[in-house]
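Number of protein chains: 2
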Amino acid sequence: MGELKTAHGVVATPFFMPIATQASVKTLDSRDVEELRAETILSNTYHLLLRPGVGIIRRAGGLHKFMNWPRPILTDSGGFQIFSLAKQRKIKEEGAIFRSHIDGRQFTLAPELALQIQKDLGSDIAMVLDVCAPYPCSESEAKEAVRLTTLWAERSKSPKLRKKKQLVFGIVQGSVYKDLRLQSARELVEMDFDGYAIGGLAVGEPRKKMFEILDYVVPELPERAPHYLMGVGQPEEIVEAVRRGIDMFDCVLPTRNARHGLLYVSRKKTVDFSPGRSDFYEALHITNERFKNDFSPIDKNCSCHTCRNYTRAYLRHLFSAGEPLALRLATIHNVHFYLELMRKIRAAIRAGKF
Amino acid sequence: MGELKTAHGVVATPFFMPIATQASVKTLDSRDVEELRAETILSNTYHLLLRPGVGIIRRAGGLHKFMNWPRPILTDSGGFQIFSLAKQRKIKEEGAIFRSHIDGRQFTLAPELALQIQKDLGSDIAMVLDVCAPYPCSESEAKEAVRLTTLWAERSKSPKLRKKKQLVFGIVQGSVYKDLRLQSARELVEMDFDGYAIGGLAVGEPRKKMFEILDYVVPELPERAPHYLMGVGQPEEIVEAVRRGIDMFDCVLPTRNARHGLLYVSRKKTVDFSPGRSDFYEALHITNERFKNDFSPIDKNCSCHTCRNYTRAYLRHLFSAGEPLALRLATIHNVHFYLELMRKIRAAIRAGKF
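Just so you know, the sequences run in chain order Z and V.
Under the numbering used here, the very last position in the first sequence is 418; numbers go up by exactly one each time.
Under the numbering used here, the very last position in the second sequence is 418; numbers go up by exactly one each time.
Be careful, since some hints might not be right.
Identical chains share a label here; the pair holds if one copy fits it or two copies do between them.
[Said to hold, decoys possible] Distance condition first, Cα-Cα at most 27 Å in a straight line; then the derived DSS-like pairs of lysine-lysine:
#1 356 to 129
#2 90 to 408
#3 272 to 224
#4 207 to 227
#5 364 to 227
#6 129 to 364
#7 356 to 227
#8 272 to 408
#9 224 to 156
#10 333 to 227
#11 408 to 221
#12 207 to 417
#13 69 to 154
#14 151 to 207
#15 228 to 207
#16 273 to 156
#17 227 to 272
#18 242 to 228
#19 221 to 333
#20 333 to 273
#21 356 to 272
#22 224 to 364
No lab work stands behind these hints, which were simulated from the structure alone.
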């Protein structure tokens, strides 16, 4: 349990960042996200570069003003998104060349430009541009990804590339190869970043493998700097990752699952954080027939706007009838579940019960 | 300027009802609608009968509880929706036989059942089942519609068919035929309903024709009872209809237009309600290129949640990027515009300036 100082306030760790890919946590406005007491949100350089374009956000006075969000924002560099473009991108030493998934326009994103854009966006935490290898990948492929990631990280260190008070994080790569992961971590730590992310995980590797990697990578990272596990994960994965020293998380699961009617429900008011327990919650498909006449809230232990005001039967009806409100009410609940889990984790840490 | 007493409070007239067809004002939750200070909302018997089914809403404790809405609800009888089904419905003396637009299931809706359902829904204002003739239609077709509408209205008068304190309104039909309209109005007034709706308008007839019909129908209706013009309309049509003695309105325009990015903007802080003026507002297509870098609110005279917190550039981005939030923020603004127009009309009436 620690804290992270940003240009928009101090955030208690460990924390979870809801994803606002295109400057909106899907279906929610900034007031909704504030009411959920989200500490920090994540937005994507890649998506904002394509739409609306960085110029518009700069002229708006930065991303905070553009979306009217007063608290910290972390911007991902776009490495992961560009890697996901598969055939539509080429990685060269100078940077990544890719075509927009929207209109096919060609872009070249050099590590310097990725930082410059995040400076223009005015995010609190900027990520260096990395090369995210796929899973599975050969050792030589992973090695090349680490080489470029380190090279690009070095080129990202210039103070000119960051806004005043903006934090810049490096990203550890190396796939499932221990030597490469350790090398990547040591090379980045050498450069003294404000924080360290572990990237290239939750891309299809077994869960056990991911924890194994955390077990040997986290000890390489300086304790005073925050450790961010990118793109993770299921609630029980977050608990296990916190146990291994992770301070920051982001994941599409709560928001994406909500839009598919998959809702998280706590099993008990309090969570037992003993190792290996994942029975503290279940996920229910609200569209199921059995909720037709269920006039209880989604989760009787939940204090979110949705659970305080609406029933499972109403939610099920909204989903069945294709009412857009379904998506927002479900998103509010799932994001609340994740943020509440983090609050419980922090309380348990404070109480020495973690 | 008057008022209407309902089981869920007194409503000042004239007022506009946002449409919650399927127990949700599209994209808004009940708190949003409360914050907009909507006095009354409209929901549809036809749609609720099909989905989620009346049994579920009855078991929920009525429509107010089901959707967590504390103020008055008017339920339409389904006549208009069934008429819109065209080939998929048959009108007989006993009632309307139709197939669900969702799954083709066959339903028979008799006037008694339409009221019984609205009793189960627990709405504050129930509408009798009417026969809504298309436009254009022959005089003999319109005559038959009036005959059945009167017959069905008589069968709707039984006190058993209404909930305690529930108001029941008759619906004047007769298409564009003056004699038929007058006959329909007189026959309904004879039956002494709690209010009178004028139906079968805004279905394609010229606007001039609609006002002509109001000019001779409204004087037939008792002054002490509210007059409701169904499905109308554009802001300037509402103003002109109030001038002709209409107290209640509903229309899909503000909500539907919002979802298409068409937003209402006031031209001035105050509205000149002199006859024939429709220059008090304009409608802008927020997706237009020219709003890309427009960091002003949609309407600088507007106090809605959207205008207080977000810019045209942000709204345009959300629409362009396909973000679901766009629909809600636009809906909030447009519904606010309509409700604010009604507040201005009421204030003008109170001040003797209408």
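Verification of the hints:
For a Cα distance limit of 27 Å, the shortest separation of residue 356 from residue 129 across copies, 15 Å, qualifies, whereas the shortest one inside one copy, 42 Å, does not. Proximity of residue 90 and residue 408 under a CA criterion of 27 Å is satisfied intra-copy only: 25 Å inside one chain copy versus 35 Å between copies. In this assembly of identical chains, the alpha carbons of residue 272 and residue 224 never lie at most 27 Å apart, being 41 Å within a copy and 66 Å across copies at closest. For a Cα distance limit of 27 Å, the shortest separation of residue 207 from residue 227 qualifies neither inside one copy, at 31 Å, nor across copies, at 75 Å.
With identical chains, the CA atoms of residue 364 and residue 227 are never at most 27 Å apart, being 44 Å at best within one copy and 32 Å at best between copies. In this assembly of identical chains, the alpha carbons of residue 129 and residue 364 lie at most 27 Å apart only when taken from different copies (17 Å versus 36 Å within one copy). Proximity of residue 356 and residue 227 under a CA criterion of 27 Å is satisfied inter-copy only: 25 Å between copies versus 52 Å inside one chain copy. Within a single copy, residue 272 and residue 408 get their C-alpha atoms as close as 24 Å, which meets the 27 Å cut-off; across copies the closest is 65 Å, which misses it.
Taking identical chains as interchangeable, the C-alpha atoms of residue 224 and residue 156 lie at most 27 Å apart only when both belong to the same chain, with a minimum of 23 Å there against 79 Å between chains. In this assembly of identical chains, the alpha carbons of residue 333 and residue 227 never lie at most 27 Å apart, being 42 Å within a copy and 41 Å across copies at closest. Neither within a single protomer nor between protomers do residue 408 and residue 221 lie at most 27 Å apart by alpha-carbon distance, with minima of 36 Å and 59 Å respectively. Taking identical chains as interchangeable, the C-alpha atoms of residue 207 and residue 417 are never at most 27 Å apart, the minima being 40 Å within one chain and 79 Å between chains.
In this homomeric assembly, residue 69 and residue 154 never come within 27 Å of each other (Cα to Cα): the closest approach is 36 Å inside a single copy and 69 Å across copies. For a Cα distance limit of 27 Å, the shortest separation of residue 151 from residue 207 inside one copy, 20 Å, qualifies, whereas the shortest one across copies, 67 Å, does not. In this homomeric assembly, residue 228 and residue 207 never come within 27 Å of each other (Cα to Cα): the closest approach is 34 Å inside a single copy and 77 Å across copies. With identical chains, the CA atoms of residue 273 and residue 156 are never at most 27 Å apart, being 29 Å at best within one copy and 70 Å at best between copies.
Taking the shortest Cα distances, residue 227 and residue 272 never come within 27 Å of each other, neither inside one copy (38 Å) nor across copies (61 Å). Taking identical chains as interchangeable, the C-alpha atoms of residue 242 and residue 228 are never at most 27 Å apart, the minima being 36 Å within one chain and 74 Å between chains. In the homo-oligomer, the alpha carbons of residue 221 and residue 333 never lie at most 27 Å apart, since the shortest distance is 45 Å inside one protomer and 52 Å across protomers. Taking identical chains as interchangeable, the C-alpha atoms of residue 333 and residue 273 are never at most 27 Å apart, the minima being 31 Å within one chain and 63 Å between chains.
In this assembly of identical chains, residue 356 and residue 272 lie within 27 Å of each other by CA distance neither inside one copy nor across copies; the values are 38 Å within and 47 Å between. Taking the closest pair of Cα atoms, residue 224 and residue 364 never come within 27 Å of each other, the shortest separation being 51 Å inside a single copy and 38 Å across copies.
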